[in-house]
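> Each chain, letter by letter, is given below.
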Amino acid sequence: MTITETAPEAEASDAGHPEGRADGDLATLVTTGDHKRIGRLFLGTSLLGLITVVVAGLILDLERLSTDSFELLTSGSVVQVTALHELGLVLLFALPALIGLAMVIVPLQVGASTLAFPRAAALSFWGWLLGAALWVAGLLVGGGPGGTDLQGTDLWLLATGMLIVSLLLGTVCVLTTIFGLRTTGMTLRRIPAFSFSMLVAGSVWLITLPVAVANLLIIYLDHRHAQVMWGANEAILSQLSWLTGQPQIYAIAIPVLGIAADQIPVFAGVRQRFTGVLMAAIGIFGFLAIGAWAQAAIQPTDIFDEPLFVAVGVLAVLPVLMVLALGGETIRAGKLRPSGSLITALCAGLALLAATAAGAVHVIEPLELAGTSWHTGQMNLTVLAVILGVLSGSWYWAPKLFGRTLDDVAGKLIGPLLLLGGLLLAVPLLVAGILDQPVTVPPGPVDDPVGALNGAAFAGRALVLLAVIGAAATLLRGRGRTDTPDDPWGGHTLEWATTSPPPVGNFAEAPVVTDDRPLFTETAEEDASA
Amino acid sequence: MTAFVTDIIPADPPEAPRARPRMVLLGTGFTIAGFAALFVGLFAVYFTMRSSYIAAGDEWIPGGAGTIPLTPASMMFITLAMSSITMHWAIWAIGHDDRLNTWLGLGLTAMLAAAFLNQAAFLYDQMGWEIAGDLAVQSILIYAISGLQILMLVGAIVFLALMAFRAMAGGYSSRDSEGLVAASMFWHASVAAYAVVWTAIYQIK
Amino acid sequence: MITLGAKLYFGLSAAAVFAAWVLGLASGGSPLGVITFSFAGPVGDQLGFVVLAGTAAVTFFLGVVVVALRDADPVSVTEVAGTDTLPEVVPPAHLSPWPIVAAFGAATVLVGVVVDLVLAGVGVVLLTAAAVEWTVGAWADRATGDPDANRALRNRLMAPIETPIASAFGVFIFVFFASRVLLALPKYGATAVFGIAAIVVLGIASYFATRPAVSRSLVTAALLVGGLALIGGGVAGLAAGEREFHYLGPDGENGHNDVEAEDFGGDADELDDEAIIEGDDPESDESTAGDTE
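Residue numbers (this note's numbering), protein chains in the order written: chain A, 1 to 530; chain S, 1001 to 1205; chain D, 2001 to 2293.
Simulated from the structure, these hints should not be mistaken for laboratory data. Careful, some of the hints might be misleading.
[Stated by the list, open to error] Partial list, derived from the structure: chain D residues whose beta carbon lies under 10 Å from chain A:
#: 1; residue: Ala2019
#: 2; residue: Phe2049
#: 3; residue: Trp2098
#: 4; residue: Ser2167
#: 5; residue: Ala2168
[As the list claims (entries may be wrong)] Covered stretches of chain A (in silico footprint by chain D; criterion: 3 or more residues with CB under 8 Å from a CB of chain D, positions within the stretch not fixed):
#: 6; stretch: 128 to 140
#: 7; stretch: 148 to 159
Treat the numbers as computed from the prediction; the structure is a model and nothing was measured. All C-beta atoms, glycine included, are put in the ideal place defined by N, C-alpha and C.
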């Protein structure tokens, strides 16, 4: 029996509250302490970051296609653009997008009136944004890995640290909210899957990303003063490459499992089954994503010879399979309504499964895939899962994020289109890896089969870029509608118990719950009595 | 932001609602965990480089190339250990609504922190290492680790100062002293960090 | 009782210890060294082992924190608060510029550390200002149960400090950056640029004055653009450096002891000749001109 004391139709008036103004109000935007607005800022700017780094990826693809007579980039610029693309996917898109989504949704899911430390969350966003600006500026002035400008490289190193520290600050806000701001009756066991996945992901980020800051500190001191250890320019990117390699790359994909797991029962119209198993699977995936120990560039032995590395790489498939199997079981038990967000979530799950499967193959030493473009393909598959997950979450929670539902037809198209583009991008890179194409962009033209595969990867990335731009345009379109239903999907969890968009303070009255699916049980009982 | 010094303060405003317990403590706990992971990253590289030197038959800190005097480092340890006691004194006092002893404890803690920073400057001066030459790798790592610990302590001082201001303005009492307790948590963590630095770098070398 | 959050962290900790042992043993570590965390023997892959052992320690610490706080479960929080219901957490009652100021401060420190330590000092000042304002604001937000009273309390404490500092800072910023532009531009160029700037300011102000209502965003954007133009111009002026000055001699152009700036766009030799002709002592003139620059 569930009691939800908040009437879904209850509306708290924002009139007169300084946070009640529209997002277009610049003064409000730069001084806001509203978690929903800060989350939207994170989400919007991270999509801009995604477009930037995908364009950088396209430039690298073009460079792979270059001939003797036409070369787009110098060898130093190739390393710079590689750094922008690979680290940018994690630091300019994946982490800020997921933190932004969590900043909006997690407080609503746990029944909190705000995010913990909302002004620290604002500092997190502005720190990240300015850090990103300095990060890109460092590359543009000729610094960063592969660059020749010493001061530019120093700036790039410090800006990378600022990016990570800012993101960690946002993570602390989200984690504290999950633990410390739950409403009456919301035990940790009852929190929705997305919030739980953010708890696991945030914890993993908190214990691994500071190791990258430690690396940056050492690289910075060495680069500025001595250049005897890691600070020589050609060594910088390889020292940080563990952030985008196995198993650490899975850390950005943990919340994707939560986003999918929250939607499947809603659109199947049944209660989530085996919640404990679901939580355990997400927790296990979180542990397998701890990758700070696998820093290939500094370890004396080849990391691919380490049994632990191989075991982690192979085992990572299992929790993803478990979550997808649980989803399949839930779908089988109910009657599926295929919405745009659900289709995109399922595409995200499939992309993550493909990524972990590719990762499992990657670590099998006799196949000799280490150091080949298999790595790039596997990383792109993982990031593809995150892009799909973020877009799926944006579509699903759009009434709470933007105060309106998004175009469902566009939602149904964008997911499969992205998956198609992502596979067209990643699979040729995987196959080229089998054909021994190195992970780095070669200086000259490549032989025909690999050249054709690189051409296909370019087409795939272009398709991904088009789909992302299309999705961003859909997100921006049609703002300001006031007739959005509070719960358009028949949601089960607490975020659907408030208005769309939620008022300042989120709930007219603090909700009280006695069940992990408070709205589902209520609906079921109403149906039964009807 | 409009500021008017003539704003009228009501004679008898309602009492502020009780702050949500545990929130600041949790946030501080997660922040300490982040710092700890940062130290883990630094020490991992430190021990890796140290063992690679030793495995190659070299000395990690070659005799005559430079010294790390243990006495000032140990005095710094004792100073910080004492500050942990005075910090606990302040927390105990606020828990008993004893404001005089709270101030005394906080003041002594700040004084000991200033003494520690002074000693750290003295130690660096005694070492006289530059990030160059044969000791470049060692100095990069030792300065990075010890510098981070000093930075953490400075953060703890700022945190403590901010919470002390709130205590001075009547924000804390025996009923609610979590802000000060959180600041003390961070303080003890920075002392623990120095204990590890002292053992791993200054003692074992 | 071990709470769910603690189970998660203790589980991660145990798994990290196990992983460290596996890694250590498989990479050439001795069983005793691995079990004693390198105190009694080698641990093989030192970096991976330390990171995993450290991860175990950090997650164990987190487990201890959350079990000590009972997962901050609503029931236990209510008990700690000594209230009947869960204490409410109120969203911020007003907007605050200090997070973005602090972020700018941090960014300025970074740029300053790389480029010029004076700039880093400016960043530290910004960070300090943000920390003080933030603290006072956070205290005032919870001083009483009345937001208006809280605001009045905050203003009574801070306005006598903020107003003079902000005014002096504003005047300094304007004078500093405007003077950099003036010093960098040619003599007549400076007159033209600031003549046009004055007309633009007057025009925009007149436009705002004649409107029945002006949106906040428009005013904010105009101020922001103006401020950025001033600072951008000043920074460009700093980068370009001052134009060269021509010292007219100890008695000056009209027989006064003054220094006059002139555009040095023409022939340098010719201008030097002028200085020699107009001044009494060429050597003394050159040295004084050097000081002036």
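> So, for every hint listed, does it hold in this structure?
Going through the hints against the structure:
1. Taken as an interface hint, Ala2019/D checks out: its beta carbon lies about 6 Å from the nearest beta carbon of chain A, inside 10 Å.
2. For Phe2049/D, the interface hint holds, since its Cβ comes within 10 Å of a Cβ in chain A; the closest pair sits about 8 Å apart.
3. Interface hint at Trp2098/D: satisfied, since its Cβ lies 7 Å from the closest Cβ of chain A, which is below the 10 Å cut-off.
4. Hint status for Ser2167/D relative to chain A: violated, with the closest Cβ pair at about 20 Å, above 10 Å.
5. Among the interface hints, the one on Ala2168/D is violated; its C-beta lies about 23 Å from the nearest C-beta in chain A, farther than the 10 Å criterion.
6. Requiring three or more residues with a Cβ within less than 8 Å of a Cβ of chain D, the coverage given for the stretch 128 to 140 of chain A holds, as 5 such residues are present.
7. Against chain D, the stretch 148 to 159 of chain A contributes 5 residues with a C-beta closer than 8 Å to a partner C-beta. That satisfies the three-residue criterion, and the hint holds.
Comparing the model with each numbered hint stated earlier shows that hints 4 and 5 do not hold.
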